[in-house]
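Colleague: Please arrange chain R on chain P, whose structure you already have, making use of the hints.
One-letter residues, chain by chain:
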Amino acid sequence: MRIICTPIKDDDVLSLHVGDIVYLKGKIVTARDAAHRRALEYIKSGKKLPLDLRGMVIMHAGPVAMRRNGQWEIVAIGPTSSYRMEPYEGEFIKATGIKMIIGKGMMGNKTTKACSKYKAIYAIYPGGAAAIAKKNIVRVIDVKWLDLGIPEAMWILEVNNFGPLIVMIDAYGRNYYNEIMKHIMKHTNRIINKVDKEINL
Amino acid sequence: MYPSIESIEKALIKAIETAVVELPSDVREYLEKAYHKEEGLAKAILKSILDNVKVASEERTPLCQDTGLLSYYVRVGTKFPYIDHIYEILRNATIRATKEIPLRPNAVNVVNNVNSGDNTGYYVPIIDIELIPNSRSLEVIVMPKGGGSESPSISKVLTPAQGIKEAMRIVIKQIAMYAINSCPPIVVGIGIGGTFDCASQLARKALLRRLGRRSSIKEIAELEVTMLNLINELGIGVQGVGGRVTALDVHIEIAHRHPATLAMALCVSCWALRRAIMKVNEDGEIKISSYSGDTI
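Chain order of the listed sequences is P and R. Letter 48 of the first sequence, counting from 1, is numbered 48 in the numbering used here, and no numbers are missing. Letter 148 of the second sequence, counting from 1, is numbered 148 in the numbering used here, and no numbers are missing.
The hints are simulated quantities; they were obtained by calculation from the structure and are not laboratory data. This structure is a prediction, so every number in the text was calculated from the model and none was measured. Keep in mind that the hints are not guaranteed to be accurate.
Lysine-lysine pairs mimicking BS3-like chemistry, simulated, CA-CA at most 25 Å apart [stated by the list, open to error]:
#, chain 1, residue 1, chain 2, residue 2
1, P, Lys197, R, Lys165
2, R, Lys279, R, Lys14
3, R, Lys218, P, Lys197
4, P, Lys182, P, Lys110
5, R, Lys54, R, Lys14
6, R, Lys156, P, Lys197
7, P, Lys25, R, Lys47
8, R, Lys37, P, Lys194
9, P, Lys182, R, Lys43
10, P, Lys135, R, Lys205
11, R, Lys99, P, Lys144
12, R, Lys205, R, Lys279
13, P, Lys135, R, Lys54
14, P, Lys110, P, Lys44
15, R, Lys37, R, Lys47
16, P, Lys117, P, Lys9
17, P, Lys194, P, Lys182
18, P, Lys9, P, Lys113
19, P, Lys9, P, Lys27
20, R, Lys173, P, Lys182
21, R, Lys14, R, Lys165
22, P, Lys135, R, Lys14
23, P, Lys25, R, Lys54
24, P, Lys44, P, Lys117
25, P, Lys119, P, Lys25
26, P, Lys186, R, Lys37
27, R, Lys43, P, Lys135
The following block holds chain P by itself, in its conformation from the complex (with noise of 0.2 Å):
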């Protein structure tokens, strides 16, 4: 079992390649659709974000969380769907400096060209797998941005043996993902022209 530790360094990203799986040992901060937005309009206008990720991590998930006696709790957490963060992650990586970007199912050119120029890789925790992925956060350090609501907040998260994790996009200009999709593309025709020939209805 591979384990990476945060803040991650250069030398880490450059050894791992697509279908690597490896666990997180460290901080780990959560941002959406709506975090993404707001942090590169902050870039834009020069305003300061509020945590340094350079060399961090963040995860694309929206957790249930909830307050029990003044602390924080993550309910359940687990990743949503990166292909939404596509417009925004390419950027994303070059203006914050992070390392490793966490979610699930395909994110496209943008991001591929910039974790190869920027060192960085897009790795992918089994979606829908919120009970484990809760069992390894060890706690909630901090949580910026709440006025977004709770998914859509930055939650600060201690992690311990975090993964699966398994590197989709490597900082060597592979997509796994795209690797996958040209192969079924290839095989969608043949398949679909079955139709023809085994159904009968």
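Modeller: Just chain R now, with coordinates in the frame of chain P:
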């Protein structure tokens, strides 16, 4: 003594909790089968999924953070003592469950994008009601459906000449294009016939059927098996990393069509096909359990 409205509401909250915490046994069984068929990355992810299902049920915590838009499939007796309060019971249970379990608030106003915060809003939760003549019973099946798996779903009205074959081509195309983001292995619900909304409803309701149970119509049962094989041939695999199991099962429901139309609809569920049932019997006895396609 017949239960009060309050105890029926409480039972419904318990059923919602059961739905988001416990994966029905048929779905679990099919995920285990998939685990034995796969290797490499797909197997590693399935291992996490199965571990997750176990942890969620043991610790009574939601197995997925997307606790979905709540859908209720209701069968209510015309003599059910609280039939006049049925909508109020469903709405109140939704609001209370959102706070008490808690569920993620997932109801967003389409005009101003404001989240209602309690999972209710215009036409939400989604309620489907069937009447049972001369009965005092109430049966509610809860299906919380996540947002990510909705992307391949589609409804179209074809011409009869295009036929079921074209409907099946559309299903394969949609899955090939969009299922990677739908947390596969998926469960595929297909509706054919009726009007376009009727086909959509059938496609959604098809997800309530026990996995592995075939349609009672011979030709449709065969079509289900053929489609399952063709979809799995796409090789999308668990979470889109490639593999043998893309779909756990395909369920097709049909309605009679208008002479001029052939409506079709596809409704996809992620692997976390969550369902639970709450039942109030004729004599007022309340039962709650996870739902694998058989009434309790």
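Colleague: Can you list which hints this structure breaks, lowest number first?
Modeller: 10, 21
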